[in-house]
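S.K.: Going down the list, the protein sequences come from chains A and B. Following the working numbering, the numbering of the first sequence begins with 4 at its first residue and continues without gaps. Following the working numbering, the numbering of the second sequence begins with 9 at its first residue and continues without gaps.
Hints listed in this document are in silico derivations from the structure and should not be mistaken for laboratory results. Among the hints, a few may not be true.
[Said to hold, decoys possible] The calculated DSSO-like cross-link candidates involving lysine-lysine, where the alpha carbons are at most 30 Å apart (straight line), are:
no. : chain 1 : residue 1 : chain 2 : residue 2
1   : B       : Lys-250   : A       : Lys-94
2   : A       : Lys-94    : B       : Lys-149
3   : A       : Lys-94    : A       : Lys-217
4   : A       : Lys-23    : B       : Lys-276
5   : B       : Lys-103   : A       : Lys-19
6   : A       : Lys-122   : B       : Lys-103
7   : B       : Lys-103   : A       : Lys-84
8   : A       : Lys-71    : B       : Lys-274
9   : B       : Lys-276   : A       : Lys-84
10  : A       : Lys-217   : B       : Lys-103
11  : A       : Lys-94    : B       : Lys-26
12  : A       : Lys-256   : A       : Lys-296
13  : B       : Lys-25    : A       : Lys-141
14  : B       : Lys-274   : A       : Lys-84
15  : A       : Lys-222   : A       : Lys-71
16  : B       : Lys-149   : A       : Lys-141
17  : A       : Lys-85    : B       : Lys-103
18  : A       : Lys-141   : A       : Lys-120
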Amino acid sequence: MNVVTTKNLSKEYSAKSFSKEKILALSNFSFEVQSGEIFGLLGPNGAGKTTLIKILLGITFPTSGDIKIFDKDISNQSYKKKVGYLPESHKFPNYLTGEQVLHFFGKLSGLSSNDVKKKSDEYLKLVDMEKWRKTKIKKYSKGMLQRLGLAQAMLNQPELIFLDEPTDGVDPIGRKEIRDILNNLKQQGTTIFLNSHLLSEVELICDRVAILNKGVLIKSGRVDDITATSDNYIFTTTDLDESVINKLLVSFKCTIKSKNEFYFNSDSVEELNKLIDFIRQNNIMIQGIAREKNTLEDMFINLIGSKN
Amino acid sequence: MIFLTLLFSTFREAIAKKIFIGFFAIATLIILVFLFLINVDSIEGMVNMMESSGEEGVRQLVIQFEVAMINISYLLVITFCFISVSSFIPSMLEKGNIDLLLSKPVTRAQIILAKFLGGVLLIFLSLLYLIGFVWLILSSKSGFWHVPFLYSILWLTLSFAVIYSLIIFIGLISQSSILSIILSLFLVFIVCPVLYFREETIFSLVSNNVVQFIINFFYYILPKPTDINQITTDIITGNPVKSYMPVFSSVLFMLAALSASIFYFKKKDY
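All chains, full assembly: derive it from the sequences and hints.
M.R.: Okay, here's the thing in structure tokens:
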């Protein structure tokens, strides 16, 4: 089931006030986010990532296109009760304590006072901010504000959560903790929509990604599929003897890396199986076959670099 | 429930920004000065003198005090309020704050109305404290319990609400507290008094019908806090109110400004 669906979504801004010159922030953007997945939106600065989230949340209005969240048009505000949001560079009223921030935004999400109290205790503990709950947030560090922001986004137990750069300003240990929290949320069935510059992090936790550049969707799909772009297979075996190595070089055009590792390049599954049969006939044990992968970062740089 | 949360947050913001404390400090100072004045010998003597001239004498003295009080409230409290509440909208519109607010299941109209009613309620309570105490002091001292003086709480709150609706509109468009303050003070203390006294001032200098028509046009469409203040004074002094047109046209202006604010806010991208 799709939690978010957009069709031909476009957004134009005026370059300056009263100017006819337009900036295209999103162009005919169509995509879906499926229930229970972690979806990553990638792109360089100014690609339109934050604009897309703001449109999905009704903060900014699209110039054209259709949007459905939970299979309903977003003109009805009620979907927001089932949505959580952590904006990039969020700004909570700095005269409030951490606890009061959660109380205010929890009540705005439609929770009762009792629920807010119960959930605040639970989520402040989860993001390790329990001992700072009575401290005014003007005394918080960037990382603490980010943790509090995450608690705020989870407070109403949303079915869909939008996180814009959630690990911004958080130290490596904190990032790991946030990743664990997101994985837990996923296990509980929450759909997570993530905007992040940290591609290694996206690769670690996202099921699917979309890459945006200058408002245009340039690639989307499962992380595994996007990164496995070559037809190069890495074979790890028990020691290969000379005759086998020769056959591999001549008949299968393999590249030998060591006595028990070689590369085979083919887009034919039949050829791949022939090679496996040949190895097995020569009493060599296959310890592993892996399709060579690019990292998401390699892929991102190649894609964005070629478009610019 | 969500609306009350927004309303309460306006109060909390006012308390946090020391606005409420500022209100009460100024109001308390005025009450204390009033208490001191009413107990000094010369005033005591004046009260005795008035008492000797009968109930009408006491009534006149009390009313004079009340009128003075209205003018003080109008000048000090309302000015202070404008400066204080003008930051409500620009601070709400700050990046990172407005995004979060609009991501919640609240309508944009609810946000504007909560900011408006929160500010108005704040001023109402402040005026209730100031004028209510002065009324109590004055009435217990003189024995003349003049209820129409209490109506001025509502009239002054209405004056504030009318101008506050404009502050909200300017704040939404400009996102600047300073511009909201300058424009509202300019309107209340320069434009409105000049338009109120237009016949004695502008029309005595300019006889051109077109210019007079334009000036009259602005007088009728703009809010009329000076006129409302005069109506308040007339009600307290017992003079007949010439016309309630300034009240109706000011309320219409307030409704128009609020509607325009909601319309603009509903269409605006953040």
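S.K.: So, for every hint listed, does it hold in this structure?
M.R.: Do the hints match the structure? See the list:
| no. | hint | in the structure |
| --- | --- | --- |
| 1 | B/Lys-250 <-> A/Lys-94 | 51 Å, violated |
| 2 | A/Lys-94 <-> B/Lys-149 | 52 Å, violated |
| 3 | A/Lys-94 <-> A/Lys-217 | 27 Å, holds |
| 4 | A/Lys-23 <-> B/Lys-276 | 17 Å, holds |
| 5 | B/Lys-103 <-> A/Lys-19 | 18 Å, holds |
| 6 | A/Lys-122 <-> B/Lys-103 | 27 Å, holds |
| 7 | B/Lys-103 <-> A/Lys-84 | 22 Å, holds |
| 8 | A/Lys-71 <-> B/Lys-274 | 20 Å, holds |
| 9 | B/Lys-276 <-> A/Lys-84 | 22 Å, holds |
| 10 | A/Lys-217 <-> B/Lys-103 | 22 Å, holds |
| 11 | A/Lys-94 <-> B/Lys-26 | 20 Å, holds |
| 12 | A/Lys-256 <-> A/Lys-296 | 20 Å, holds |
| 13 | B/Lys-25 <-> A/Lys-141 | 14 Å, holds |
| 14 | B/Lys-274 <-> A/Lys-84 | 19 Å, holds |
| 15 | A/Lys-222 <-> A/Lys-71 | 21 Å, holds |
| 16 | B/Lys-149 <-> A/Lys-141 | 48 Å, violated |
| 17 | A/Lys-85 <-> B/Lys-103 | 23 Å, holds |
| 18 | A/Lys-141 <-> A/Lys-120 | 22 Å, holds |
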